[in-house]
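Here the numbering used here is used: position 273 in the sequence shown is 273, and no number is missing along the way.
Since the hints were made in silico from the structure, they are not lab data. Ideal placement from N, C-alpha and C gives every residue a C-beta, glycine not left out. One or more hints might be untrue.
[What the hints assert, rightly or not] Here are the simulated DSS-like pairs of lysine-lysine, each with C-alpha atoms no more than 27 Å apart in a straight line:
1. K133 / K56
2. K275 / K222
3. K30 / K56
4. K163 / K275
[Stated by the list, open to error] Pair ranges (Cβ atoms, derived):
5. R191 / R100: 36 to 42 Å
6. L235 / Q112: 29 to 35 Å
7. Q172 / H144: 37 to 43 Å
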Amino acid sequence: MNIRVLHQLFRYECDVHMATGGEQAIEVCKALLPDLILLDVVMEGMDGHEVCRRLKADPLTQDIPIIFLSANGEEDDEAIGLELGAVDYIGKPFNPTIVRARVKTHLTLKLQSDYLRSMAMLDGLTGVANRRKLESRLEAAWSHACREGGPLSLIMIDVDHFKKYNDHYGHQSGDQCLRRLAIALAATLNRPYDLLARYGGEEFACLLPDTDLAGAERVAQKMLAAVAELHIEHLASEVGPQVSLSLGAATVLASAERDAQDLLRFADEQLYLAKSSGRARLCARFYGGS
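Model the full assembly from the supplied sequences, consistent with the hints where possible.
Structure follows, in structure tokens:
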């Protein structure tokens with residue numbers, strides 16, 4: 001059973017993409033991030049074991065399950081594949097029914113794993129990303145910005161006098177307020193790779209890859225307007241009769257001399273400035289390169 005036979009076997013059940021060489025296989029996997037990889041040990045150029053080793057070493061592809069296919073029936077060959085991180089090993093000649101059943105099993109396990117992973121990255125109250133997800137995405141965005149040289153922006157968002165809101169209206173109303181705010185803030189983002197996260201308590205954060213300071217300020221102003229349009233009463237606030245936000249935005253040109261935590265610190269500095277200047281406003285700054 002060669003690569004084209006496998007393609008025919010699954011083409012009506014899945015989106016199937018093929019690669020005939022090791023380097024090409026790695027490129028396809030990084031570009032498409034498939035749910036499962038069927039990998040022959042013997043390939044043009046780089047062999048399947050080396051392809052597996054490289055995919056498992058890359059954070060982008062390390063969680064994609066790999067099933068090895070091989071005509072080599074030696075136990076050592078199978079052991080090598082499993083030690084490299086493959087989830088299964090199927091020897092040739094293949095039984096199409098067995099191949100389909102094993103692929104279905106591992107796809108099901110992958111989808112379950114993805115679901116559990118996504119739940120671990122979501123804030124239970126608001127449904128937006130949690131701090132763990134933000135920090136993970138921030139590190140990835142920082143690495144990308146270092147390689148590509150583009151700007152990276154972060155907005156820190158604080159609900160003004162939220163403790164007083166909870167004291168005045170009760171924690172149940174406070175939770176409902178945070179949910180409404182999260183929905184409104186998330187709706188201001190248009191790009192799939194922009195991220196809104198609940199950072200903790202009444203604080204949110206918004207990660208904006210490939211965004212300069214002017215772009216970050218536009219998003220922040222949209223957030224201020226979106227929350228104002230909610231008209232959530234807050235009679236205990238010292239700012240005004242409605243729930244309001246203080247925002248701090250920072251933009252950097254990432255470099256090896258800095259790290260992602262610097263961007264968090266810069267945005268927090270601007271948030272502190274917004275709060276100490278009277279709240280219900282945005283403070284923003286471009287921090288340049290190293």
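Hint by hint, here is what the structure shows:
For the hint pairing K133 with K56, the CA-to-CA distance comes to about 21 Å; that is within 27 Å, so the pair holds. Annotation: proposed proximity of K275 to K222 holds, straight-line Cα distance about 19 Å (limit 27 Å). For the given pair, K30 sits about 12 Å from K56 by alpha-carbon distance, which is consistent with the 27 Å threshold. For the given pair, K163 sits about 15 Å from K275 by alpha-carbon distance, which is consistent with the 27 Å threshold.
R191 and R100 have their C-beta atoms about 38 Å apart, which keeps the hinted 36 to 42 Å range intact. L235 and Q112 have their C-beta atoms about 47 Å apart, which leaves the hinted 29 to 35 Å range violated. Between Q172 and H144 the C-beta distance comes to about 41 Å, which sits within the given range of 37 to 43 Å.
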